[in-house]
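Engineer: Sequence:
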Amino acid sequence: SSVQSILEPLAIAANVTQAAHTHLDHIFITLANLFCIYTNGKIDDQSCQGILTSLEKCWVKADQDIFILAVFFNPYIHHEMFSPSVLPERNLLETVKHIFEQVYSRKPDIYLMMAFTDYWRKKGEFAFDKTELEEVTQMFSDSNLPLDLVFLWKWINTQKENKPPMGRNSLTKLAIHILSVIANSAGCEHSFSIFGNIHMKTQNKLDTTMVHKTGIAKMD
Numbered sequence: 001s002s003v004q005s006i007l008e009p010l011a012i013a014a015n016v017t018q019a020a021h022t023h024l025d026h027i028f029i030t031l032a033n034l035f036c037i038y039t040n041g042k043i044d045d046q047s048c049q050g051i052l053t054s055l056e057k058c059w060v061k062a063d064q065d066i067f068i069l070a071v072f073f074n075p076y077i078h079h080e081m082f083s084p085s086v087l088p089e090r091n092l093l094e095t096v097k098h099i100f101e102q103v104y105s106r107k108p109d110i111y112l113m114m115a116f117t118d119y120w121r122k123k124g125e126f127a128f129d130k131t132e133l134e135e136v137t138q139m140f141s142d143s144n145l146p147l148d149l150v151f152l153w154k155w156i157n158t159q160k161e162n163k164p165p166m167g168r169n170s171l172t173k174l175a176i177h178i179l180s181v182i183a184n185s186a187g188c189e190h191s192f193s194i195f196g197n198i199h200m201k202t203q204n205k206l207d208t209t210m211v212h213k214t215g216i217a218k219m220d
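Each residue of the sequence shown is one higher than the one before, starting from 1 at the first, in this note's numbering.
Honestly, I wouldn't trust all of these hints.
For each label pair, taking beta carbons as the anchor points, the in silico distance ranges come out as [what the hints assert, rightly or not]:
hint, residue 1, residue 2, range
1, THR208, GLY50, 21 to 27 Å
2, GLY41, GLU135, 35 to 41 Å
3, GLU80, SER2, 31 to 37 Å
4, LEU7, THR137, 29 to 35 Å
5, VAL60, ASP142, 21 to 27 Å
6, MET114, PHE35, 31 to 37 Å
The list that follows gives simulated cross-link-like pairs (lysine to any residue, SDA-like), each with its CA atoms no further than 25 Å apart [claimed, not checked]:
hint, residue 1, residue 2
7, LYS154, ALA127
8, LYS122, LEU92
9, LYS160, ASP118
10, LYS107, ASP129
11, LYS42, ALA13
12, LYS123, HIS79
13, LYS122, LEU87
14, LYS154, VAL181
15, LYS97, LEU179
16, LYS123, MET81
17, LYS154, ILE110
18, LYS154, GLU80
19, LYS123, PRO75
20, LYS123, THR137
21, LYS107, GLY167
22, LYS107, ARG121
23, LYS42, MET81
24, LYS61, ARG121
Hints were generated in silico from the structure; no laboratory data involved.
In this text the structure is predicted, and so the values were computed from the model without any measurement.
Using N, Cα and C, we set each Cβ at its ideal position, and we do this for glycine too.
When you get a sec, could you build the whole thing from the sequences and use the hints?
Structural biologist: Structural data, given as structure tokens:
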């Protein structure tokens with residue numbers, strides 16, 4: 001029905017964006033998908049216009065650069081999602097430099113730029129093999145786990161996690177930082193719900209350490 005065709009994509013999008021493992025690239029791709037659905041001419045124009053206006057407001061309020069880089073650092077998508085006429089290589093490099101400076105409070109060096117160029121061209125350590133990516137996808141699927149892009153980037157990370165980014169590895173560190181961000185509070189809300197079930201009015205003598213340990217055990 002027409003009502004279903006209007007509401008179903010929104011319901012699916014709500015489920016995707018509220019999952020405990022939703023990352024920034026999921027949000028961007030979901031918004032882009034909704035935009036495509038409601039501009040394909042198959043749904044009532046008046047209904048679509050209201051939804052598109054809402055999507056545009058969400059996108060204007062968002063930190064767009066972070067979402068763009070989250071998709072760019074997804075090796076399954078890379079830069080293929082972006083039109084070169086709208087977001088050419090040079091502009092995306094400027095975005096990487098800008099976000100790097102915001103995150104690490106220092107100017108990027110020439111090695112970050114060289115690493116970016118190689119990642120754009122899928123060269124060197126950034127040449128993620130298609131067969132390899134498919135194998136990793138299957139392994140996560142067989143284990144009933146959501147695909148973890150950070151796991152892929154850690155393959156080529158040459159520094160310890162607590163070390164500041166250096167040289168070509170600066171791009172890898174930035175990618176891991178951005179792809180580690182959870183885009184909603186679902187996980188926190190779930191944790192607080194578990195803690196609330198442990199530390200109740202009738203069971204309130206547990207100290208915070210014991211509540212935390214019991215909650216972690218329940219989540220595991």
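Engineer: Each of the hints needs a verdict: does it hold here or not?
Structural biologist: Results of checking the hints against the structure:
| no. | hint | result |
| --- | --- | --- |
| 1 | THR208 - GLY50: 21 to 27 Å | violated (46 Å) |
| 2 | GLY41 - GLU135: 35 to 41 Å | holds (39 Å) |
| 3 | GLU80 - SER2: 31 to 37 Å | holds (33 Å) |
| 4 | LEU7 - THR137: 29 to 35 Å | holds (30 Å) |
| 5 | VAL60 - ASP142: 21 to 27 Å | violated (41 Å) |
| 6 | MET114 - PHE35: 31 to 37 Å | holds (34 Å) |
| 7 | LYS154 - ALA127 | holds (14 Å) |
| 8 | LYS122 - LEU92 | holds (15 Å) |
| 9 | LYS160 - ASP118 | holds (22 Å) |
| 10 | LYS107 - ASP129 | violated (31 Å) |
| 11 | LYS42 - ALA13 | holds (19 Å) |
| 12 | LYS123 - HIS79 | holds (14 Å) |
| 13 | LYS122 - LEU87 | holds (18 Å) |
| 14 | LYS154 - VAL181 | holds (15 Å) |
| 15 | LYS97 - LEU179 | holds (17 Å) |
| 16 | LYS123 - MET81 | holds (19 Å) |
| 17 | LYS154 - ILE110 | holds (22 Å) |
| 18 | LYS154 - GLU80 | holds (22 Å) |
| 19 | LYS123 - PRO75 | holds (12 Å) |
| 20 | LYS123 - THR137 | holds (21 Å) |
| 21 | LYS107 - GLY167 | holds (12 Å) |
| 22 | LYS107 - ARG121 | holds (23 Å) |
| 23 | LYS42 - MET81 | holds (23 Å) |
| 24 | LYS61 - ARG121 | violated (31 Å) |
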